[in-house]
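Asks: Model the full assembly from the supplied sequences, consistent with the hints where possible.
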Amino acid sequence: MSTIVEQAGAAAEAAAPERALRPPSYWPFVVPALVTVLAVIIFPWLFTIWMSFQEWKVGSPTTFVGLSNYFRLPADPRFVESVGHTLSYTALSVLLPLVLGTFAAVVFHARFPGRGLLRALFIMPMMATPVAIALVWTMMFHPQLGILNYLLSLVGLPPQLWVFHPGTVIPSLVLVETWQWTPLVMLIVLGGIASLPTEPYESAQIDGASTWQMFRYITLPLIMPFLFIAAMIRAIDAIKSFDIIFAITQGGPGSASETINLYLYSVAFVYYDLGYASAIAVVFFALIVALTALLLVLRRRAQWNALGNDT
Amino acid sequence: MSARSILGRLGLALGVFLIVSPAILFFLWMISLSVKFEVDNAAYPPVFWPEHFAWKNYTDVLSSNRFFTYFKNSLLVTGGATSLAMLVGVPAGYGIARMAAHKSAIVILIARITPGLSYLIPLFLMFQWLGLLGTLWPQIIIHLVVTVPIVIWIMIGYFETTPIELEEAARIDGATRWQVFRHVALPVAKPGLAVAFILAVIFSWNNFVFGIVLAGRETRTLPVAVYNMISFDQLSWGPLAAAALIVTLPVLLLTVFAQRQIVAGLTAGAVKGG
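Protein chains in written order, with UniProt numbering: chain A, 1 to 311; chain B, 1 to 274.
Take the hints with a grain of salt, since some may be wrong.
So the derived label-pair ranges between C-beta atoms look like this [as the list claims (entries may be wrong)]:
(1) A:G191 with B:E51: 27 to 35 Å
(2) A:L95 with B:E51: 39 to 47 Å
(3) A:A39 with B:H52: 24 to 32 Å
(4) A:F164 with B:L75: 30 to 38 Å
None of these hints come from the bench; they were simulated from the model.
Idealized CB from N, CA, C, for every residue including glycine.
Replies: Rendered as structure tokens:
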């Protein structure tokens, strides 16, 4: 009796995957999001590309001008200058958080009392509303009344003009960017360190290696993939940084901190030159994609070398 | 305890102090600025602990007749953009995870690397054409650029790690795919829902660039309102710092209470929309 039931059950089970478990269509789950993404992401992009070939003066019809918006770019000193600002801002805003974030990850990997609370306080800058913190930084940068110059005077350093001088504005803004986004690098690298095997450390300890040696020769090579991910995310975010720069300097003094993103804003929503702004947006996007691709290539090469194929 | 381990502990304490103090000191200074009278904020050397507290800075900001309009606008924009994103994003994450349609996740990557401003140009024209510019709808809709990808991205990760066996069992019992989704998959993914919701709220609340272009006088969100306070006049620092603190306080509280979830979401790859 029981065997018959079992056999019947087994037969049903064998047949079941054919009938009941044929994968159902999941398209109905995806369609609403697909429509949304088409409307707010894909359509705007196609429209931007189309617009970049048009001359668009507010109040008059568009005229097709081919590539002439793109030809304007290399001859536009403000655009060329903004590319330079963007690249130096991005390079510094990747390097500094990467170094400091790695150090912070090593520290947070250790166990100490109050670690959870301190980590929460440490990540607060990246979650805080950018405009709000930009406002406070602006006050802190004030040459006469700002706290930063007071702190410099305590250690005997001369006062700075910070964001009020063309020569120091970009490093000053990078300081804010670093303060804000070092925690993100820390989180990514900490995830990497936490996943490492413990055996190499144990044997290194027996061999009498110092803490620095263990970091330099065990931790650092092993967390390279995580450093690359952190560098890539940081590069993408830094290159399109807007809130902090706009709220603190509006691209000034003069145009000393005007990045591509800020120039794009001016062309689009101050001068309403929408065709030209679209061309800038397309070139800007291409630059971000190129940067991302470059980092991916470097990463692949680094992994290749790590495998010992460095010929 | 050996000399070496004491030294190690001191080094660790110093390291912790070095990395955590910039964040803590900044927020303490922000609070200090917000509770001081103008005399103290303009004093040199700086006053850290005032003799008299200027609570008036806070009451002034809160009682200014437009504050609650802006607060309400921020609530509606963030609430609307987050709810809509959850509504379309959660099922989409489920569908993509179950179909293993990883290529569609690339669209989300595109949204991640594209500067927010480039969406503004065409959508601005579209809103103008639709006659929506005086309302909050343009901001709610454009915030979807930020919130929908975050929600989908995080939900894909969560649904991929939830076991499919439970769902198959429910299907054998005759449940439809919607019933399976609602009664089996969704409850299991609750932690993921919380992560997606919190991050979408934070990134929408913090957003500034969409607001400065799309918001009119009546439709400003809090970040835009705070920014406009600076460009307005040489306003005194106390009320300005108080306003800044009020805007970011909900996010800071959320960060302290939901730290674990936020970290999980951020390291899942969805960071900083806009």
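Asks: Please go over all the hints and tell whether each is borne out by the structure.
Replies: Hints and how they fare:
1. For A:G191 and B:E51, the Cβ-Cβ distance of about 47 Å falls outside the hinted range of 27 to 35 Å, so the restraint is violated.
2. For A:L95 paired with B:E51, a C-beta distance near 44 Å keeps the hint of 39 to 47 Å intact.
3. Checked against the given bound of 24 to 32 Å, the beta carbons of A:A39 and B:H52, roughly 54 Å apart, lie outside it.
4. Take A:F164 and B:L75: their Cβ atoms lie about 36 Å apart, and the range 30 to 38 Å holds.
Hints 1 and 3 from the earlier list are contradicted by this structure; the remaining hints agree with it.
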